[in-house]
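> Here are the chains, one letter per residue:
2 protein chains.
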Amino acid sequence: MKYGIALFPSKKLQDQANSFRMRYDSHYALIPPHITIKEPFEVNDEELPLLLNTMAQIAENAEPVTIDIYKVDTFYPQSHTIFFKIREHKTLTYLYEEFHNEPFSINDKYGFIPHVTIGQDLSSQEHADVLGQLKMHKIEHQETISRVQLLYQLENGAWTVYETFRLGKEV
Amino acid sequence: MKYGIALFPSKKLQDQANSFRMRYDSHYALIPPHITIKEPFEVNDEELPLLLNTMAQIAENAEPVTIDIYKVDTFYPQSHTIFFKIREHKTLTYLYEEFHNEPFSINDKYGFIPHVTIGQDLSSQEHADVLGQLKMHKIEHQETISRVQLLYQLENGAWTVYETFRLGKEV
Numbered sequence: 001m002k003y004g005i006a007l008f009p010s011k012k013l014q015d016q017a018n019s020f021r022m023r024y025d026s027h028y029a030l031i032p033p034h035i036t037i038k039e040p041f042e043v044n045d046e047e048l049p050l051l052l053n054t055m056a057q058i059a060e061n062a063e064p065v066t067i068d069i070y071k072v073d074t075f076y077p078q079s080h081t082i083f084f085k086i087r088e089h090k091t092l093t094y095l096y097e098e099f100h101n102e103p104f105s106i107n108d109k110y111g112f113i114p115h116v117t118i119g120q121d122l123s124s125q126e127h128a129d130v131l132g133q134l135k136m137h138k139i140e141h142q143e144t145i146s147r148v149q150l151l152y153q154l155e156n157g158a159w160t161v162y163e164t165f166r167l168g169k170e171v
Numbered sequence: 001m002k003y004g005i006a007l008f009p010s011k012k013l014q015d016q017a018n019s020f021r022m023r024y025d026s027h028y029a030l031i032p033p034h035i036t037i038k039e040p041f042e043v044n045d046e047e048l049p050l051l052l053n054t055m056a057q058i059a060e061n062a063e064p065v066t067i068d069i070y071k072v073d074t075f076y077p078q079s080h081t082i083f084f085k086i087r088e089h090k091t092l093t094y095l096y097e098e099f100h101n102e103p104f105s106i107n108d109k110y111g112f113i114p115h116v117t118i119g120q121d122l123s124s125q126e127h128a129d130v131l132g133q134l135k136m137h138k139i140e141h142q143e144t145i146s147r148v149q150l151l152y153q154l155e156n157g158a159w160t161v162y163e164t165f166r167l168g169k170e171v
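Chains as they are written, first to last, in UniProt numbering: chain A, 1 to 171; chain B, 1 to 171.
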């Protein structure tokens, strides 16, 4: 089965992201607005318990994540994906690195660009238009996220949350 | 904010439910297939920590839930909702009762009919047609669910998982 690891921001930020996603994001109906920590990866049923235990430990050793959105950006020319760009922060980098280390699959292809996608699979023309419009908005938002989620993908492409882990030690 | 409490069944059952929901369920894109334990209820930010703590305790004292789907049924004439009917089981009833007791809001309006919705907001004609078709399928499925989820609703009607709780004591 295909799993993924993501953070869900506050309702306020999700609602704001959805106001764009409903028009521009082909994945709008498949998953709520999120910050991907680990792209989809295959896990079989035997591997799952180890990954769950490791995830619990990583979460416990982590700190709540600082989210600081400071602009709209694009992955162009790699893709026509438009997103809220999140400032790099050690709390985010920690999660990314831990979830790309044994027993999780390694990533040596891409760097980590933390973001919330608000548009994807746009045509060249749409991409240029939407980006032009959004660049004029002042997009700034700060918050702290205290949970990380393990999800799996259904056959229709939609994602179901399997388990959440609180970041940091229980108080 | 509006919260709800639900169980998500296995990918296998969700995929099967979605094969019907994609055609018949107006909520298809808003939430994956699920078993509602508590209908949407309002929680303000100050109440949330107490509810989370109570939920953790209820989950710890609970047992994993036995799901036994044995037929397709309808809420007609109350509504044109079609669902996989789940046999009553003490593990399910326990969760339902605990989540309709202080500090959670009480429900004295309806009884608990555990189910997975596969069609809703159908016209009379559609409802009759779909029900007729589905009644000919043999729908049987058993599984155990070991997590319960607290979700909140976004402005677009979609649901985000806030936290999951494992059912039973940690081993």
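Do not rely on the hints blindly, as some may be mistaken.
The list makes no distinction among identical chains, and a pair is therefore deemed to hold if it is satisfied within one copy or across any two copies.
[Unchecked claim] Under the rule of at most 20 Å between Cα atoms (straight-line distance), these lysine to any residue pairs were calculated in the SDA-like manner:
#1 12 with 163
#2 38 with 61
#3 2 with 88
#4 109 with 127
#5 2 with 154
#6 12 with 46
#7 169 with 39
#8 11 with 29
#9 12 with 155
#10 11 with 153
#11 11 with 112
#12 38 with 16
#13 11 with 157
#14 11 with 51
#15 38 with 103
#16 12 with 157
#17 12 with 47
#18 90 with 129
#19 12 with 139
#20 38 with 163
#21 135 with 77
#22 12 with 87
#23 90 with 123
#24 85 with 15
#25 71 with 155
#26 11 with 160
#27 71 with 44
What the hints contain is simulated information worked out from the structure, not anything from laboratory work.
> Next step is simple, just say for each hint if it's right about the structure.
Quick rundown of the hints versus the structure:
no.: 1; hint: 12 with 163; in the structure: between (22 Å within a copy, 17 Å between copies)
no.: 2; hint: 38 with 61; in the structure: within (18 Å within a copy, 33 Å between copies)
no.: 3; hint: 2 with 88; in the structure: neither (27 Å within a copy, 32 Å between copies)
no.: 4; hint: 109 with 127; in the structure: neither (25 Å within a copy, 50 Å between copies)
no.: 5; hint: 2 with 154; in the structure: within (8 Å within a copy, 25 Å between copies)
no.: 6; hint: 12 with 46; in the structure: between (38 Å within a copy, 17 Å between copies)
no.: 7; hint: 169 with 39; in the structure: neither (26 Å within a copy, 31 Å between copies)
no.: 8; hint: 11 with 29; in the structure: both (16 Å within a copy, 18 Å between copies)
no.: 9; hint: 12 with 155; in the structure: between (29 Å within a copy, 9 Å between copies)
no.: 10; hint: 11 with 153; in the structure: between (22 Å within a copy, 8 Å between copies)
no.: 11; hint: 11 with 112; in the structure: neither (24 Å within a copy, 29 Å between copies)
no.: 12; hint: 38 with 16; in the structure: neither (23 Å within a copy, 27 Å between copies)
no.: 13; hint: 11 with 157; in the structure: between (23 Å within a copy, 12 Å between copies)
no.: 14; hint: 11 with 51; in the structure: between (28 Å within a copy, 18 Å between copies)
no.: 15; hint: 38 with 103; in the structure: within (13 Å within a copy, 37 Å between copies)
no.: 16; hint: 12 with 157; in the structure: between (25 Å within a copy, 14 Å between copies)
no.: 17; hint: 12 with 47; in the structure: between (36 Å within a copy, 18 Å between copies)
no.: 18; hint: 90 with 129; in the structure: neither (34 Å within a copy, 56 Å between copies)
no.: 19; hint: 12 with 139; in the structure: within (13 Å within a copy, 40 Å between copies)
no.: 20; hint: 38 with 163; in the structure: both (15 Å within a copy, 19 Å between copies)
no.: 21; hint: 135 with 77; in the structure: within (17 Å within a copy, 52 Å between copies)
no.: 22; hint: 12 with 87; in the structure: within (19 Å within a copy, 38 Å between copies)
no.: 23; hint: 90 with 123; in the structure: neither (35 Å within a copy, 53 Å between copies)
no.: 24; hint: 85 with 15; in the structure: within (16 Å within a copy, 33 Å between copies)
no.: 25; hint: 71 with 155; in the structure: neither (34 Å within a copy, 23 Å between copies)
no.: 26; hint: 11 with 160; in the structure: both (18 Å within a copy, 9 Å between copies)
no.: 27; hint: 71 with 44; in the structure: neither (38 Å within a copy, 30 Å between copies)
In summary, the structure is inconsistent with hints 3, 4, 7, 11, 12, 18, 23, 25, 27 from the numbered list given earlier, while agreeing with the others.
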